[in-house]
Amino acid sequence: MRKLFGTDGVRGVANKEPMTAETALALGRAAAYIFKNKDKRHQIVIGKDTRLSGYMIENALASGICWMGVDVLLVGPLPTPGIAFITSSMRADAGVVISASHNPFQDNGIKFFSNDGFKLPDALELEMEDLILGDKISSLRPTAKEVGKAFRVDDAKGRYIVYLKNTFPK
Amino acid sequence: MKIAVDCANGAAYKIAPEVLYELGAEVITRGVNPNGININSNCGALHPDVVSKIVQKSGADIGIALDGDADRVIFIDEKGKIVDGDKIMAVCCLDMLRQGTLRNDTLVATVMSNLGLDKTIQAAGGKVIRSKVGDRYVVEKMREIGGNFGGEQSGHLIFLDHSTTGDGVLSALQVLSIMVRKQKRLSELASCMTPYPQVLKNIKVVKKVPVSRISGLNPLVRSIKKKLGENGRLLIRYSGTEPLLRVMIEGEDKKAIKTYADEIILHVNKQIC
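Protein chains in written order, with our numbering: chain X, 1 to 170; chain R, 1001 to 1273.
Hints are not guaranteed to be accurate.
Within a straight-line C-alpha distance of at most 30 Å, the following computed DSBU-like cross-link-like pairs (lysine-lysine) qualify [unchecked claim]: (1) X/K170 x R/K1204; (2) R/K1053 x X/K16; (3) X/K38 x X/K170.
The following label-pair restraints were derived from C-beta to C-beta distances [unchecked claim]: (4) R/Q1099 x X/S138: 31 to 39 Å; (5) R/Q1122 x X/A123: 29 to 37 Å; (6) R/N1033 x X/F151: 25 to 33 Å; (7) X/R152 x R/H1267: 58 to 66 Å; (8) X/Y55 x R/K1053: 43 to 51 Å; (9) R/M1112 x X/R141: 26 to 34 Å; (10) X/D122 x R/S1041: 43 to 51 Å.
If you are wondering where the hints come from, they were derived from the structure by calculation, not from laboratory data.
Note that the Cβ used here is the ideal one computed from N, Cα and C, for glycine as well.
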């Protein structure tokens, strides 16, 4: 039974459950835990739309991801499909979109893309829910060099614009 | 080409105008001044009338209304008329069929798409498969059947050869490229599909009794479906977010489908409300 995720990610009024900084932090940790599956430095892309609460959610998510030792690539305001594109083009391990799509500004939402740019299958979302609601990862606290770092990707817009233009025949 | 674009004060506020401008269009913008609290507010895909007015005033060739995260787009033709996702799918799908680029000759739509879409595609030798409502389910179905094009009436359009998810700006470029190549206006292209008359009614319910367990409803539905035959559709489902039972009927005869809808509402009201 889905408790957090709806048909298009987690949605709600920002700063009310489930769309709180606390839940975003927990989602960041769970996502980092799930996508950290190889022996290398991992990266998760975070992008958002233009909502006021985007700042609050973005920082909480980034904190949760770094907590688990995964690096963060911040692309700032970018369309949802642009975030999917950057995720696969940067060879990142996953992408997160902070947006409530067509809803009014007081709402917000969090949805995930896997490394190939497709939305996460239901099974992985359920796994994330279990991790958040259970205590399997609550004691995991990497230290020293094992915490993650956040990078700002300044040219994400430009990369996406070039990609879009290339889909238009000359 | 003169293009009016409404970015809903959302994520595409810089990207959409830049892409169009760099490809050589004259661009009129709206909803490109986000301040954190004006996203989707009286602009964008939920308010296509806004960009429609701009098109009519400015004499633009096309209007493009994106939603807040720009994964969805509603079009306006040069006359200011709304062209929804179904019609755009018809336009793109027919073009792909003719070019031989529609994989398995199959379009993936959802149960919400108009029957007129099926008829248009079938007449051109293609096939339509329907998935659950939601762009992720459209994508899942496309990957399952090996298709490369699908979408929703609401304006999520997925061109799997170019993208992995619905993309409003990319979809707009696909439509524009067809207009340029064929030298046709959008109203002309969109006339390829005639939507069937549709009635959509909501019934307020106290409890969501499974539709199949509403006493006597099944025989009624069966008899209406029989009358509708190949040229109609009947869909009864609960809203996911509100205490409403939604009844949707499409058919050739506007009066008949209204009567059928009334019959169903009367029956459901007697049984469960």
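TODO: May I ask which of the numbered hints given earlier this structure violates, with the numbers listed in increasing order?
DONE: 1, 2, 3, 4, 8, 9, 10
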